[in-house]
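Colleague: The chain contents come next:
Number of protein chains: 2
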Amino acid sequence: MAFLTELERVADAVEGRLDRLLAQSLNPAPLGAKLGQAMRYAALGGGKRLRPFLLIESARLFGVAEEEALPAACALECVHCYSLVHDDLPAMDDDAVRRGRPTLHIAFDEATAILAGDALLTLAFEILSDPSTHADPAIRAELVLLLAKAGGWQGMALGQALDLNPERQGFSPSDVADMQALKTGALFRFACEAGAVLGRAPAADRAALRDYAASFGQAFQLADDLLDAQGDAAALGKAVAKDARRGKATLVALLGVEAAKARLDALVAEAENALAPFGDKATKLARAARFIAERRA
Amino acid sequence: MAFLTELERVADAVEGRLDRLLAQSLNPAPLGAKLGQAMRYAALGGGKRLRPFLLIESARLFGVAEEEALPAACALECVHCYSLVHDDLPAMDDDAVRRGRPTLHIAFDEATAILAGDALLTLAFEILSDPSTHADPAIRAELVLLLAKAGGWQGMALGQALDLNPERQGFSPSDVADMQALKTGALFRFACEAGAVLGRAPAADRAALRDYAASFGQAFQLADDLLDAQGDAAALGKAVAKDARRGKATLVALLGVEAAKARLDALVAEAENALAPFGDKATKLARAARFIAERRA
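Chains A and B are the protein sequences, given in the same order. For the first sequence, the positions run 1 to 297 when the working numbering is used. For the second sequence, the positions run 1 to 297 when the working numbering is used.
I should point out that these hints are in silico values taken from the structure, not numbers from a laboratory. All figures in this text were calculated on a predicted structure; none of them were measured in a lab. Be careful, since some hints might not be right.
Said to hold, decoys possible - Computed list of lysine to any residue pairs in SDA-like fashion (alpha-carbon distance at most 25 Å, straight line):
1. LYS248/B to LYS248/A
2. LYS248/B to PRO137/B
3. LYS248/B to LEU31/A
4. LYS248/B to ALA177/A
5. LYS248/A to ALA177/A
6. LYS248/A to GLU110/B
7. LYS248/B to ALA33/A
8. LYS284/B to GLU110/B
9. LYS248/A to GLN37/B
10. LYS248/A to ALA33/B
11. LYS248/A to LEU31/B
12. LYS48/B to LEU31/B
Use the sequences and the hints to build the structure in full.
Modeller: Next up, the structure:
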């Protein structure tokens, strides 16, 4: 499958750049090396790097070379990785396995996991605001603003707070969808919008990418819930059926498996339709939506 | 004491602006209000707002009006408040009282404290990159870069990691000073440099402010350690003698109380000397250094 090859090639490029960006964090004296090691453990060696892929491919629509989009893509991945580290903490989702390895607070300790998450979040903004990321400070400042809004009190952090809300068990399908649009959707939306910002895209193109990202995000979450409900822990590299055990209503539980699969197909079609203005240039983004809907791990 | 009146006036201005900035975080639906309430609990209703004061007074040296420096000052305070919330967590310093009130994870819960800290850190970058903070995107991007460096893997987060290092007990006086320059010094340095950035200060003035901040930060920490060793929990609004109980070597423990007091006097003099290029305009910054050395709470 040529798409998978391309996804893996971009993932390798992201891994390589993150490795370089995080190499410096090992520098501060032996006494302080643990923090950098923990940051590297959290950010390197795993993940499909879907969010960086979306950012790079969105930017490519507007003639931005992959190399030019790579720093912003790495900043986004730092935020994603920090969120996984904090969500896995005992006080949050209390997960022991992630990407087939012990979670960070198990491999290191809880204090180091909290701090490494904090430092990865902070690093994201350091990367975005660094002149090497883009020569135009207006672009850098806009990327920072977009990522802060996507990650913070009105975005991902709020989504996680809603997911932990004790009233979560009584959420309606639309409550669950709203929560997921924040918890996982916000970073996908940032990925596509950041590509548009880097490419100085016209407002209409940016809006089309936002629509694509909204459908993509919902499809991703629905596929994730289907995998959690039906999946194979070994293939996924993490525990399955977690939501059911925690009494968390997912859309799959609320709609039923068959209706959820039909909805997933519809979302992929919506994502593809949103890309119409870009024609053949957006083939890889369309394939990405199909890929996440059909993935088995 | 006129200085204290001025400090309190600025603290009120910071409190008012933070209140407005955080009011919006209560908006997202009743289900999500808890996160905003926790952010407000952490950021409002306490603190001397020393870091915002330094930022505002540093900016004023270069003709920047207080109102123009207030957003950046609030962003800095958000980072300070997030660091207190995360440092107080059970896995970190495990503190139950802060500013005379239960710490956030006691008043709310641990998951909410982790998330509210994350959201406050993210909000700091949202504020700095917002066009209302400064019309020039180059200034906004530079402030983001400076704050990210001050707060992250080579700044405050590294300092906290060093403070938690089990080898911490064997730290030499210079190890302790290095650790504190990161853990508490980095944000004081940002405060003064951010003022210089807002005021487009010449490099020499910026360097002078960095020197001032370095001495100020050391004096602040030494005074804090003296208060911890000798202080009154009721007046401080937090537990005392914590470091000794945890077996953490402080400079006071390593140098002895008398030598520590002499060093504190020398640091205040150094801070005052660094301000020489600014003449009478820097009186309030000089008073601030004297104030923190002499404070009893």
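Colleague: Hint by hint, where does the structure go against what was stated? Just the numbers, ascending.
Modeller: 1, 2, 4, 8 and 12
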